[in-house]
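Chemist: Position chain B relative to chain A; hints supplied.
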Amino acid sequence: MHNFNYHRASDVAGAAALLKDVDDGKLLAGGMTLLPTLKNRLAAPSDLIDLAGVSDLKGISIEGDEVVIRAMTPHAVVAASHEVATAIPALAALAGGIGDPAVRHRGTIGGSVANADPAADYPAAIVGLNATVVTNQRSIAADDFFLGLFETALRPGEIITSVRFKNPSRAHYLKFRHPASGYAVVGIMVAQYASGVRVAVTGAGPSVFRVSAMEAALDKSFTPKSIADIAVSADQLMGDIHCSAEYRAHIVKVYARRAVEALTA
Amino acid sequence: MGEFGIGQPVRRKEDTRLLRGRGQFTDDINLDGQAWAAFVRSPHANALFSSIDATAALSMPGVVAVITGEDLAAAGVGLLLNDAAYKNRDGAPMHKPPREVLPRRQARFVGECLAIVVAETAAMARDAAEAVEVDYEPLPAVANGARALEPDAPRVWPEFGTNAVVHWEYGDAAKVETLLAGAHKRVAVDLVNNRLAPSPMEPRAASAEYDAATGSLTVYTPSQGGRRLQGNLARLLSLPVDKTRIVSRDTGGGFGVRSKMFPETVAVAFAAKTLGRPVKWRGDRFETFVSDYHGRDQVNHAEMGFDADGRIIAMKLDTMVNVGAYLSENGLRLPMEGGGRIIPCVYHVPEFYFSVKPTFTNTVCTDTYRGAGRPEANYITERLMDKAAEALGLPRDEIRRRNFIREDQMPYKTHLGFTIDSGDFDGTMKMAMDGADWNGFPARRAESLKRGKHRGIGLSVFIEGAGSRPVEGMRIRFEENGDISVIAGTYSHGQGHETVYSQLVHEFLGVDFERVKLINGDTANSPKMSNGTFGSRSSMVGGMGIKQASEVILVKARKIAAHLLQAEAERVTFAEGVFKANASSITIEEVAKAARDPRRLPEGMTPGLDEEVTFENDVENFPNGAHVVELEIDPETGIIELLNYVAVDDCGVVLNPFIVHGQVYGGVVQGVGQTLTEDVVYDASGQLLTASYMDYGMPRAAHMSHIEAHFNVVPCKTNGLGVKGAGEAGACGAPPAIVSAAINALWDYGVRHIDMPLTPEKVWRAIEDAKSQKAA
Chain A
2 MHNFNYHRAS DVAGAAALLK DVDDGKLLAG GMTLLPTLKN RLAAPSDLID LAGVSDLKGI
62 SIEGDEVVIR AMTPHAVVAA SHEVATAIPA LAALAGGIGD PAVRHRGTIG GSVANADPAA
122 DYPAAIVGLN ATVVTNQRSI AADDFFLGLF ETALRPGEII TSVRFKNPSR AHYLKFRHPA
182 SGYAVVGIMV AQYASGVRVA VTGAGPSVFR VSAMEAALDK SFTPKSIADI AVSADQLMGD
242 IHCSAEYRAH IVKVYARRAV EALTA
Chain B
3 MGEFGIGQPV RRKEDTRLLR GRGQFTDDIN LDGQAWAAFV RSPHANALFS SIDATAALSM
63 PGVVAVITGE DLAAAGVGLL LNDAAYKNRD GAPMHKPPRE VLPRRQARFV GECLAIVVAE
123 TAAMARDAAE AVEVDYEPLP AVANGARALE PDAPRVWPEF GTNAVVHWEY GDAAKVETLL
183 AGAHKRVAVD LVNNRLAPSP MEPRAASAEY DAATGSLTVY TPSQGGRRLQ GNLARLLSLP
243 VDKTRIVSRD TGGGFGVRSK MFPETVAVAF AAKTLGRPVK WRGDRFETFV SDYHGRDQVN
303 HAEMGFDADG RIIAMKLDTM VNVGAYLSEN GLRLPMEGGG RIIPCVYHVP EFYFSVKPTF
363 TNTVCTDTYR GAGRPEANYI TERLMDKAAE ALGLPRDEIR RRNFIREDQM PYKTHLGFTI
423 DSGDFDGTMK MAMDGADWNG FPARRAESLK RGKHRGIGLS VFIEGAGSRP VEGMRIRFEE
483 NGDISVIAGT YSHGQGHETV YSQLVHEFLG VDFERVKLIN GDTANSPKMS NGTFGSRSSM
543 VGGMGIKQAS EVILVKARKI AAHLLQAEAE RVTFAEGVFK ANASSITIEE VAKAARDPRR
603 LPEGMTPGLD EEVTFENDVE NFPNGAHVVE LEIDPETGII ELLNYVAVDD CGVVLNPFIV
663 HGQVYGGVVQ GVGQTLTEDV VYDASGQLLT ASYMDYGMPR AAHMSHIEAH FNVVPCKTNG
723 LGVKGAGEAG ACGAPPAIVS AAINALWDYG VRHIDMPLTP EKVWRAIEDA KSQKAA
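If you read the protein sequences in the order shown, they are chains A and B. Every letter in the first sequence is one number past the one before it in our numbering, and letter 116, counting from 1, is 117. Every letter in the second sequence is one number past the one before it in our numbering, and letter 628, counting from 1, is 630.
Bound conformation, chain A alone (with noise of 0.2 angstroms):
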């Protein structure tokens, strides 16, 4: 690990302007990613600016018929609400299947939706569930939200606040675990709205994305036979020694498939 300058911020005014005064400077929000990073020496930033001891970015709360996390609410603390359980159960079962206990109960929701890793979870919910990404400066539409791999729609300085999930009639999230790190190979979220039916899928890209074809078909029939037979391509999907693209488009078949037998068994 390099050198690097500790900051605790106690609002999200006051981490912005320290953002903007430092030289190189990262947000810490659970750090799950950012700090193995730091570890391996793959990063240096000249100052970490620590949000955990912002009160305000922190609870879940229903408002209307979205349900909002705070930025720096813990995976476990999703995991285990009872809001969320009720709202929406898919929501509270992704968030308690993330990593294993220690990063749990250490990562956040905004951390993660901001990374953009590839593999992680959250960003299938983002997506899947239309969620609203709110910042301290604005609030972004899922589906302008996640822009490539590790590439958000985040400006420098930009800090997120809040997630706010719309809460749908049904949905279902399966994933896939990758042999050696447990993340997301296939991670995909089924969810059904008055508005239609949408299917995102994480792991398997540079990038959450969702499958028109799939949910043009179950807008038709919510069934498992209607898309039993929809493949997506494999070209534009990611490859390592143990997933090729090849299998994670034919996964995303199977378990888009499997999610919808899940919702109406």
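Be a bit skeptical, because a hint or two may be false.
Said to hold, decoys possible - Below, simulated SDA-like cross-link-like pairs (lysine to any residue); rule was C-alpha separation at most 25 angstroms, straight line:
| # | chain 1 | residue 1 | chain 2 | residue 2 |
| --- | --- | --- | --- | --- |
| 1 | B | K776 | A | V255 |
| 2 | B | K764 | A | R178 |
| 3 | B | K455 | A | A45 |
Claimed, not checked - A short list of chain B residues far from chain A (calculated; beta carbon distances all over 10 angstroms):
| # | residue |
| --- | --- |
| 4 | K89 |
| 5 | E152 |
| 6 | G184 |
| 7 | L691 |
Since the hints were made in silico from the structure, they are not lab data. No residue lacks a Cβ here, since even glycine has one placed at the ideal position from N, Cα and C.
Modeler: Relative to the frame of chain A, chain B by itself:
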């Protein structure tokens, strides 16, 4: 003898210390005034260099020194050891490259140490190591062992003109070929024994301290017993052996890889000696992946011929073993002279031809890893047996039964020079099949199919050679506080010796189990004749040492007791630690106390009851077993789920079933890892792709099923305890049993083999390929 004697499931004494965080591992040791080391490692798999420029590094804050291979050479530091001397059939010697501790002109694998940087803190040392400039001239590299044997492959050692170390052969190739050609059935397999990262929980570390006043060096490091490291290090640094001390207090897993002398240890010791202050190095997990020796990495082609009755008439085996860029201490030997010489395992094979081509590649060396040649050997014979069952139309158990070495053939001399004293292979197989309800399988298969899953059952019968280099010293000492110390050259690094040795001393000398203490892991006090702990040897060599020392002690103690009780020695009885004659009695502890005082001894007797013996045997022992696995495969994803695992092991007389069960579970899990998840992958340019647990698939609890472990106790006939080794059985039994079960599950598709590791994608592709072949 009661609840603490031989055969009792005594709970591990050492766990009260280890599980409470009171262990003392190398990184827990900090020496006054220590500096920290970091290594400059090659990022290239093959590269020439002419200079290592440390100017910038030396100007950084806190940097004490940068030491390169030139410095070591100038100080006369020797070459790392390999004493193998194999020959080709035509008499030509093997190719044997010199291995410098820090090479001076060429790096031959990614992660190879080129310089050691010493600084006031670990972070400063790392920063400075990054600032050391090496003028690399990258060369083409080869990482795959089979590829290395192709004529156009880059040469790891161009001066040899080939990457083949040697072509070693056993048997008559022409005769075996004739027998195979004329056989009623001839079967063949092509197999990969995948390369594995041993992955002890504790990364490698070393701390060294040199006392100029006495000229003595002390090195703290995880190990499997220090004596061999001590001799090696003394030679490399031109120090007297008795001025070179290796200390391992606790070690977080050995698995074979912790028994070796690595360049880092030598460099840290040299730095401490040269700089005159203690130097500490704590490797991280990345360094452990790139620089710890790996295991396995064989490619095998094997054939067997059978007569019409299903009996083996001949076998041939071609093995390629990837030894890495250099010759490590034992890697080269594993197939033919190491554990692998147990092949053809539990079967009587009248004629055998065996060809081994060890191969240099631009990778870190391979060497011993739990099983060390035996898992590979058993995997080969068991895959052949499954093939033969199919070819001959016999059940998998029946083809094995017809070919087992029978008890009436024992002692049975194997082709490569083992003599198997005992084993009930058919009985052990039957226990495993009964334990797994083998006959009830079809109903369970049908039930799985209703859920869309393919269920399979698999079987392996295996054997090992355990207790290699069977010579080991052992000392028993009676302390003034009433403790009885066992001072051993074997070294417990997870095996529970403190518990088992205490049971033995309690059994033989009748002393309180709790008063027995184990002293090991320090060459300053361990017996001079010692090899350490590896190859499942400590139950025999350590156990027998305690037995023999106890016997000598009792002979003397009885004479002293008779003298003190004023009775004839023949009339003195001994039971549960107490000598009795008539109505008088005296405990062995009291005898030990009296033995220190010449005035209380029979005239002319040497004072003291402490004893040191050197146990020696001229044979190893042969643990064996049969494992049955049941699993389900999801045909849409290829995911394998283990459902049931029955392990029946014959490890002779069981000293502590609780501890041996632990050995079985651990070995099975490592075997499951090899079979389902683990694979060291280098890309074609020699970059290691699996250098963290994000990419290297360690088995997890979720990969396992319940393991039911049973024993078929067939006492070993060649040691006085009747013990056979227990440490490596699981790693031998699991791979062939699981692959057999997976193939059984996919039988109806026409799938007949999948190379390890059986990852979901490989299984899925095997199914898809078989389906499209059928359609075509």
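Chemist: Look at each hint and say if it fits the structure.
Modeler: To see whether the hints hold, each was checked on the structure:
| no. | hint | in the structure |
| --- | --- | --- |
| 1 | K776(B) to V255(A) | 23 angstroms, holds |
| 2 | K764(B) to R178(A) | 16 angstroms, holds |
| 3 | K455(B) to A45(A) | 49 angstroms, violated |
| 4 | K89 | 38 angstroms, holds |
| 5 | E152 | 22 angstroms, holds |
| 6 | G184 | 44 angstroms, holds |
| 7 | L691 | 6 angstroms, violated |
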